[in-house]
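Participant: Sequence:
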Amino acid sequence: MGKFKQWFEPEKLNNYDEAKRSPLRHIANPKVIIPVTCFIYISLCLLSNFVIYHLVNLGYQFKEIFGLEGYEYSFLKGLFFFRYPMLQIPIYLILGVLTFINYYKIKQAYRPLEDELVQGTQRFTEPEEVEEQYPAISVNPENAEEDYYEGKPGFPVARLPQTEEEKETGEFRLAIDREPSHSITLAHTRGGKGIFSSDPLIDTISRARKIEDRHSFITTSTKGDEVRKWYPLLKSRGYIIRVLNTVDQFYSDPYNPFNAIKDFYEKAVLAKELIKKNQYEDRAMHDMQAVASMYFKEEQGGGGKDAFWTKASRSLFLSMAVALLHQSIMEKKNELLNGYTIYNTVNKMFSEKISETEYEYLKQYARDRKHLKKLIEKYDGKSTLDVYFEEMEDKHPAKIYYYGMKASAPAKSTLGNIVTHFNGSMELFLQSGNAKMTAIDDGFRFTSLGFDNDQPTAVFVIVSDAEESNNELAMMYIEQAYQSLHREAFASLSGKTERDVDVIVEEAGNVGALPNLLKKWGAAAGRGIFFHLVLQDIEQLTELYGNSAKSIIVGNTGNLVYIRSGSLDTNKYISERLGKRANYSMRRQKETLATKSSETEESERIDLKSPFELENLMFGETIVLRLMHTHDNNKKPIYQAPLFNTFENDTNLFPFYEYRDLEAVPWEELPINNSFMEMDRTSLLWTLNKDIYVPGAVRVPISKDFDLSKPVNKVKPKAKKVKENQLTSMEKDLIDESLENSMPLEEATQLDFYEDLMMSQREQLYDSTQVIESQDIHRVVEPISNNKDSFLKINEETSSNKRISDMLTSQDVMRIRGKVLVLGEHLPALISEFDKVMESDQYASLLTFVVTNLNDNDVTEFDKMVIKSEEMTID
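Its first residue numbered 514, the sequence shown is counted upward by one per residue in this note's numbering.
One should not assume that every hint holds.
[What the hints assert, rightly or not] Calculated cross-link-like contacts (lysine-lysine; reagent style DSS-like; alpha-carbon spacing at most 27 Å):
| hint | residue 1 | residue 2 |
| --- | --- | --- |
| 1 | K845 | K785 |
| 2 | K1093 | K620 |
| 3 | K886 | K861 |
[Claimed, not checked] Label-pair restraints from in silico Cβ distances:
| hint | residue 1 | residue 2 | range |
| --- | --- | --- | --- |
| 4 | K908 | K887 | 37 to 47 Å |
| 5 | I724 | D1376 | 55 to 65 Å |
| 6 | F1003 | A979 | 33 to 43 Å |
| 7 | C551 | E655 | 55 to 65 Å |
| 8 | S945 | Q675 | 47 to 57 Å |
Simulated from the structure, these hints should not be mistaken for lab results.
Every residue gets a Cβ at the ideal spot worked out from N, C-alpha and C, and that includes glycine.
Generate coordinates for the entire structure from the input sequences, incorporating the hints supplied.
Facilitator: Below, the structure is given as structure tokens:
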């Protein structure tokens, strides 16, 4: 019974996958109706000839009239009988008119309205058109390590139908879009986002034959095994692989958010030109503000108290971060600038209150005991955090941020609330893994992604799609990478990166929002940086960035790839973007049991793909809405009809795992630099002490404590008294180092000479300024440059080819070195620079060093040494 029913019932259509068309449309096909009409017309003309011929031969009475006596009957002669043109030509004309009228009626009656009335309709691009419009690259599943192709990479948009040869070998071709544009991929959970979009993209951009054409990329990873699967293949293709693991920091490379900031600020400290100094300092502060904005975000539409706490906390962060930045450079402690140290320093110094019994921190700021008492009165009840910033020089940028915060929070209770809100935003750095991972700088810089011509770089940012506490760190990583690349590209001659960089954000709706994505979407592509968002539906964009931003982002996407989604709003949006198609519609009217009926035909508009059809796409079918691919391979403009990769025309996509067998390797095989895990977090604790904002200035320690139990008297030690004191251990170490590096002399002579010189230099320093006795107080000797320019100008002309050994005696060299030892007591780099100058034996280098680093008195003394040496040479 079932088989009979199946045989008896006609086959039913499942949907409108194929547009309905009139079954009689072929009658009106010009290829059919024109030949048929011509045949009918010729037949009628021949028939008219035959009729006239037979009429002439009807009877004898007509024979005499027409003079056809004896005319023989013939069928063929009758068809081609043409002896009376005056009669036959009008007949031909009448037959032609009648034939044309019938031709027109038939054509109008049966012409397919759905094919002709197509204004305002859309269609999918045919495979032949895709092949003409896009470059194609071959994929060989058998040899992934050597499967390279010629030319530059692009975004894979379609698969071309396989030839018979390709079917035998298993190879196939992908059409790629090389236009500089961004992409969005939409697919529900486990809908094939990776195997149909992200993985083919990584494979495509990493296997260009020329290594300089291969793209660098950053990709988020929510499963955690992506880097372990891709590592062997990317390594064979010449990639540097980096890992930022925010889920398990033990398997992560270090990431210090302040690396680039520290680089710029250190350049500002060392810069001698004011313009360069200001330029580097501005860049450092700009990046610092960007980091602060990511830590302390203002809620959309927020205002009032919430906005106040956010801005105040941000100012507190900036003031502390800049202060630690300065001290980390001056103290040569790069690990000081990190979130953990910032958090602990703020809380420690805020909790330390000044009182009549607790004033140890103030001693470094006191000139004498009387001044110390005044400081205690001034800061009684305040924190050491207040003392540090209020005693700081006004030109220090950290003080500007701190005063901005204080101006908005004058009450003591309010300042405590600011610290509370500050702590809430910085809690992620309290985790041991985060604290250690963000404290170390291993030398990696984001600019290498786009400006390393030797090797491309692949960065895997492992994030959690369930627990978001550390995702902000990942978003900050991508943000800083973009800012570094954008700045470098802006400064380059071409205005773009030397190597294209792709940022692939898997599960973009779950890992968090990218800062300022709307601006990036408009500017990044022109700089050689391309974003690829992988989402579950359009609503995730709205949730993260707002409705207006969503519209702008999607509206400026070069390739919008739809795999499948269960979201009705998303399916409606895609359906509307696809447009309408023409469809044949027929209405039939009849009475029950009547055999006669009337039918009405019309062409209607239906969706090219309705929302429910989109939801029912088969596994491997995708739709691509393209916007920025405007020309074909021959540079001719094209209409950008959507692409449909489907089984119907053998263009459906193959799952990535069918042609690339990537096996995950153990974490131990990856070259991950996780040495930071051995760090002791106590090494990151710090207290800000008195500092200066004079790059290159020398601080001389004075070890003398205040005793407030004794009467307050001014203490004015004499230079002679200082000279009689024993040398400090540091000074002795410097002398030992000088003995090893100085010119040959008897050891006893050198030792006596250096001891006298060291004491002499200390005496000069104490005599030049009033000596202050207090514990850990730092006195500054700032270099003066009144007569240096003229001295350098006079001597430069004659110093180019001279050697130090020809210009100075060994005693002169040791005397100069003694001065450097004193100045370099807190700046070891100064001593190192002096040793390099002496090793080069170039007098011009020594001349520049002396003028740059010594004060006017020392320069004058140096000049006298040279003159004396020249006089001795002449004598």
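Participant: If a hint holds in the structure, say so; if it does not, say that too.
Facilitator: Hints, verified against the model:
1. With a C-alpha separation of about 19 Å, the suggested pairing of K845 with K785 holds against the 27 Å cut-off.
2. Between K1093 and K620 the CA atoms are separated by roughly 26 Å; this keeps the pair inside 27 Å, and the hint holds.
3. For the proposed pair K886 and K861, the alpha carbon gap of about 24 Å is at most 27 Å, so the pair holds.
4. In this structure the supplied range 37 to 47 Å is violated for K908 paired with K887, their Cβ-Cβ distance being about 24 Å.
5. Remark: the range hint 55 to 65 Å for I724 to D1376 is upheld by a beta-carbon distance near 56 Å.
6. A hinted range of 33 to 43 Å for the beta carbons of F1003 and A979 is consistent with their spacing of about 38 Å.
7. For the pair C551 and E655, the supplied restraint of 55 to 65 Å holds, since their beta-carbon distance comes to about 57 Å.
8. At about 54 Å, the CB distance of S945 to Q675 agrees with the hint of 47 to 57 Å.
In the structure shown, a violation is registered for the earlier hint numbered 4 alone.
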